[in-house]
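Chemist: Given next are the chains, with one letter for each unit.
2 protein chains.
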Amino acid sequence: MKFCLNTIKSRSKYAEVAAAKCHLPAGHTGKCCEYPFLEHLLKVDKRVADKIKRDATMTTGAAWKSEDAGPNRINRWVMLLNDSELLKYGIDMSQLKTGVIAKLREKAADYDSCILVAAKLTWLVYQMENAPVPPSNIKEYLEELFGKMIPNSTVCVICRQPIDYQLFSIAERGKAAIETCHKNPRMHNSDNVGFGHRECNIAQGNKTLDEFYSWIKEIIAKID
Amino acid sequence: MKFCLNTIKSRSKYAEVAAAKCHLPAGHTGKCCEYPFLEHLLKVDKRVADKIKRDATMTTGAAWKSEDAGPNRINRWVMLLNDSELLKYGIDMSQLKTGVIAKLREKAADYDSCILVAAKLTWLVYQMENAPVPPSNIKEYLEELFGKMIPNSTVCVICRQPIDYQLFSIAERGKAAIETCHKNPRMHNSDNVGFGHRECNIAQGNKTLDEFYSWIKEIIAKID
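As you go down the protein sequences, you meet chains A and B in turn. Just so you know, we're using numbering that gives the first Met the number 0 here: the first sequence kicks off at 0 and counts up by one. Just so you know, we're using numbering that gives the first Met the number 0 here: the second sequence kicks off at 0 and counts up by one.
Bound-form chain A, shown alone (with noise of 0.2 Å):
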C-alpha cells in the first residue's frame, strides 16, 4: 500500500526527531489519519487501542524507581539519537547504569517501523477469539497490508495456544494479561511482534524465541 505520508500536526517536543504522518491511502479523500486502522478499535474499545499504539510506538517505562532509572516511556525513535543529542532533549544517558542503557536501546525503532507495528498488532487483535468485527475498510485495509484475516487464529507467539481477546479486560497488580511479544527481543518490526501470554513471556525472558524453544527441549531431555 501507498501511504499518503502528509506530515500531520504534532504537540510532541519529539516531532522534529520523526513527523507524525498520514497512514490512509495515497490520494485518500477527507483529513488526513496518523492511525486510521485504529479508527474502529478506538471506538468501541480505546483500551486495548490505546495499549496496541502505546506498546508499537513506545519504550517500556522505567519498572525500578531510582534517580538513575532512565526516563519513563518515550517514544522508540528517539532513542535511535546518539547520546549528545538526547542532552538537548534533557535526556543524560552517562547518568544511567549500563543495564538501563542497553535496555532503552534495544526499544530503539525507526517511527515507520512503529507504525507497521500498530498495524500489524491491530491485525492480529481482530483475529483473535472473540474479538470485535472490523469495519470493512479497516478489514480490507489491513488485509492489503498482511494478508488475510482468518477469524480465531491468533496465537500466543510463545504456547501457540490461542488468545482470547477478553483477556484484554484481565489484569493483576495493574499488569495486563496480554503482553506484545518479540520473537527475537531486540527487533521491532511487524514481522517480529505479536501477542502473548504474560507468563509465556515472562517465561521467554531475554531469550530469542529460538533459543527458548531449545532451552525447553533441552530440560525435557534432562527429565525424561
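To be clear, the hints were calculated from the coordinates, so they are not data collected in a lab. Be aware that a few hints might be false.
[What the hints assert, rightly or not] Simulated crosslink set (SDA-like; lysine to any residue; CA at most 20 Å straight-line):
1) K206(B) x Q160(A)
2) K221(B) x I219(A)
3) K216(A) x E139(B)
4) K102(A) x I201(B)
5) K206(A) x K1(B)
6) K182(A) x I201(B)
7) K206(A) x K182(B)
8) K50(B) x P184(B)
9) K221(A) x S152(B)
10) K1(B) x E139(B)
11) K206(A) x G146(B)
12) K216(A) x D223(B)
13) K216(B) x T179(A)
14) K206(A) x C32(B)
15) K216(B) x K1(A)
16) K221(A) x I219(B)
17) K1(A) x E38(A)
18) K221(A) x K182(B)
19) K102(B) x S152(B)
20) K182(B) x E217(A)
21) K221(A) x Y212(B)
22) K96(A) x K174(B)
23) K216(A) x V154(B)
24) K216(A) x K102(B)
25) K221(B) x S213(A)
26) K50(B) x Y212(B)
27) K206(A) x I169(A)
28) K206(A) x P184(B)
29) K102(A) x R197(B)
Chain A is fixed; fit chain B onto it per the hints.
Modeler: The following block gives chain B in isolation, referenced to the frame of chain A:
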C-alpha cells in the same frame, strides 16, 4: 538426629510465637547454637550464609511499593498466626489486598521446617561446583540429616544443570543469579526446596515443577 532444642535467648519480638532453639545434637558440650551447620559458611562467606538463613526463615519482602503492600520480610512462622493474633503485632491483614494476603500466607511455615530448610540448603551449597569444603563436623552433621554429600552434584531444581557456587557473587540490579526454589511453590519444607537459576525460577513462575514440565512439553508438541 536428636537436637538439643534448648531455648536460645532472642531479641526478636516474635520469640513468643516460636522461640529460637539449639540445633546441636542432644547432649552436646559447649554453648547452644541455633544454626550450628552454618558456622563455617558464616566465617568463609557470610553473604551466602545470610542468604540461606533469610530464604529459609523469612517471607519475601514487598516487591511493590504501596500502603497496602504488606509488611516487609517477616518470619515465616508469624504468617501462621490468624488475623486477630497478627493485629497484636501491628499487622492488619484486613488492610491488605487479596493478592498480597495470598502471597504472604503461602510463605507461612513452622519454625522447625524452616530450620530444616536452612540445613538442606547448606547441604546443597557444599555440593556445588567450586563450593568451599565443609569441616568434617559439619559434613557429618549434614550427612546424618540428608545423606552422603557428593561434590559437584547440586543442580538447578528446574533445568537440572549444575549450579556453580560462584554464581552467588553475581547479581544484576540487586537480584541474585541463584535463587531458592520450591518444587511445589506453596510448600516450604526440606524435601521441597533447592537452588535454581534466577531465569529458571522466573520461567517456572507460579507453576509447580510438574505443571511447568507439562507446560513446556505441550509447547514442544505444538511447535514440532
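Chemist: Hint compliance check: list the failing hint numbers for this structure, sorted ascending.
Modeler: The structure conflicts with hints 3, 5, 7, 11, 13, 14, 15, 19, 24, 26, 27, 28, although it agrees with all the remaining ones.
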